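Undergrad: Each chain, written out:
Number of protein chains: 2
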Amino acid sequence: MAGGGDELKLLGMWASPYVLRVKIALSLKGLSYKYVEEDFKNKSELLLSSNPVHKKVPVLIHNGKPICESQVILQYLDEAFPDAGATLLPADPHERAVARFWAAFCDDTIAKASQQASSGKTEEEKAEGEKKVVEALEKMEVGLSECSKGKPFFGGDTVGYVDVVLGGFLAWVRAGDAMKGVKRFDPATTPLLAAWAERFVELDVAKAAMPEVDKLIELAMARMAGAAAAAAAATN
Amino acid sequence: MAGGGDELKLLGMWASPYVLRVKIALSLKGLSYKYVEEDFKNKSELLLSSNPVHKKVPVLIHNGKPICESQVILQYLDEAFPDAGATLLPADPHERAVARFWAAFCDDTIAKASQQASSGKTEEEKAEGEKKVVEALEKMEVGLSECSKGKPFFGGDTVGYVDVVLGGFLAWVRAGDAMKGVKRFDPATTPLLAAWAERFVELDVAKAAMPEVDKLIELAMARMAGAAAAAAAATN
Chain L
1 MAGGGDELKL LGMWASPYVL RVKIALSLKG LSYKYVEEDF KNKSELLLSS NPVHKKVPVL
61 IHNGKPICES QVILQYLDEA FPDAGATLLP ADPHERAVAR FWAAFCDDTI AKASQQASSG
121 KTEEEKAEGE KKVVEALEKM EVGLSECSKG KPFFGGDTVG YVDVVLGGFL AWVRAGDAMK
181 GVKRFDPATT PLLAAWAERF VELDVAKAAM PEVDKLIELA MARMAGAAAA AAAATN
Chain D
1 MAGGGDELKL LGMWASPYVL RVKIALSLKG LSYKYVEEDF KNKSELLLSS NPVHKKVPVL
61 IHNGKPICES QVILQYLDEA FPDAGATLLP ADPHERAVAR FWAAFCDDTI AKASQQASSG
121 KTEEEKAEGE KKVVEALEKM EVGLSECSKG KPFFGGDTVG YVDVVLGGFL AWVRAGDAMK
181 GVKRFDPATT PLLAAWAERF VELDVAKAAM PEVDKLIELA MARMAGAAAA AAAATN
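Those protein sequence lines, which keep their order, are chains L and D. Numbering of the first sequence is given in the UniProt record's numbering, commencing with residue 1 and proceeding in unit increments. Numbering of the second sequence is given in the UniProt record's numbering, commencing with residue 1 and proceeding in unit increments.
In case anyone wonders, no lab produced these hints; they're calculated from the structure. Given the structure is predicted, the values throughout are model-derived calculations rather than measurements. Incorrect hints may appear among the rest.
The list makes no distinction among identical chains, and a pair is therefore deemed to hold if it is satisfied within one copy or across any two copies.
20 angstroms max Cα-Cα, derived SDA-like pairs, lysine to any residue [to be verified]:
(1) Lys126 to Ala225
(2) Lys132 to His54
(3) Lys139 to Pro52
(4) Lys9 to Pro93
(5) Lys56 to Ala104
(6) Lys215 to Ile61
Chain L with its partners taken away, still in its complex shape (with noise of 0.2 angstroms):
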């Protein structure tokens, strides 16, 4: 596996744009790796020995040792296999400094906003989450501008951290849009963002990646009606 004798495994849950990540990551970088499903509802002995802290996906065990979250993950693959086709992270150090501020952004910002947007538990709430989400989106377009200097990805030419952090989503954002009958990456208020996520999800690697966004709406409807379920059942 990965060449040179090293043994990479990826616990994984299909539709978690976080595991997109490293699959992106992984395929960017040339590593072949056997990719374990996790069912979440029977976490896998080695998952909860793996990640005992969060107990969560993704999980990257490299020659046995693990790694957890994603973005940590994305910085070990850099280090661990500098040779290793694209590096994700600018070699500049304060191109760095911006690219990792921008990623956080994505996680911190951009990914609680949306947490707010569909499982706020009011209307009220929901759409305050939206509204955030909008807001977000906005200054992500700056942060593109910032990251990209006028070319095609936040990584310039190629694709680099911050593409694979953000493209992680964009399945869900698909799906999302599907359901809601909304446009989010709306080529009128962040024309940039928009064109970018469309050359993003054209890239072979994310073809090859992404789960269907037919599936993803799926489990967001099984989801939703188990918590209108449990709901229900709370109130009786």
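For chain L, the structure is supplied; the task is to place chain D on it using the hints.
TA: The following block gives chain D in isolation, referenced to the frame of chain L:
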């Protein structure tokens, strides 16, 4: 400043644990810098233009280029000044990943639990926050073993990335302990972490940079009085 014609400026606020991290890191690296205290009620144009996304300190400005977010700044210092004093992250890729994991845990889990413990909307929420803090510190005890491998610091024999990230909280932990009559970093439940905290606050770099606990208590009480007054005004 900083030698070699580098000019470093740190925009900070004396009570911020995140600014404290950067002060300690700069000191460990032996880098000189100009410190600019920000007024939170009247943020400077320089802060607003340097961190337009979050409008928060710390911001480090290196030869005119801003770097925001404390963990991003710490990694930047390692990468921009590889030959200056201490190196915060270890050299080995897996050890770097483990350090980044636990540093993320400090901000994603410990800081959030602490926030809930002090600013929860109800007494029940606050009590739940306190419970989460205790659970998080018990996990961090394991993190200390994992990173230090029996040595005095997360960084081993010397202070490293996770030491600086967690150590930044210690002045506020002491202030909180004094105000609530509790002892976080309790030798009874987290003996390694308790001993680590004692060692950390005795470091010259920590003693020189840490704000006085009494002043933090004063600030916290003024904030609480302000919040209570605002709440009272809102109900009138």
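Undergrad: Each hint needs a verdict: does it hold in this structure or not?
TA: The hints, checked one at a time:
no.: 1; hint: Lys126 to Ala225; verdict: within (17 angstroms within a copy, 32 angstroms between copies)
no.: 2; hint: Lys132 to His54; verdict: between (27 angstroms within a copy, 14 angstroms between copies)
no.: 3; hint: Lys139 to Pro52; verdict: between (35 angstroms within a copy, 9 angstroms between copies)
no.: 4; hint: Lys9 to Pro93; verdict: between (30 angstroms within a copy, 17 angstroms between copies)
no.: 5; hint: Lys56 to Ala104; verdict: both (19 angstroms within a copy, 15 angstroms between copies)
no.: 6; hint: Lys215 to Ile61; verdict: neither (27 angstroms within a copy, 46 angstroms between copies)
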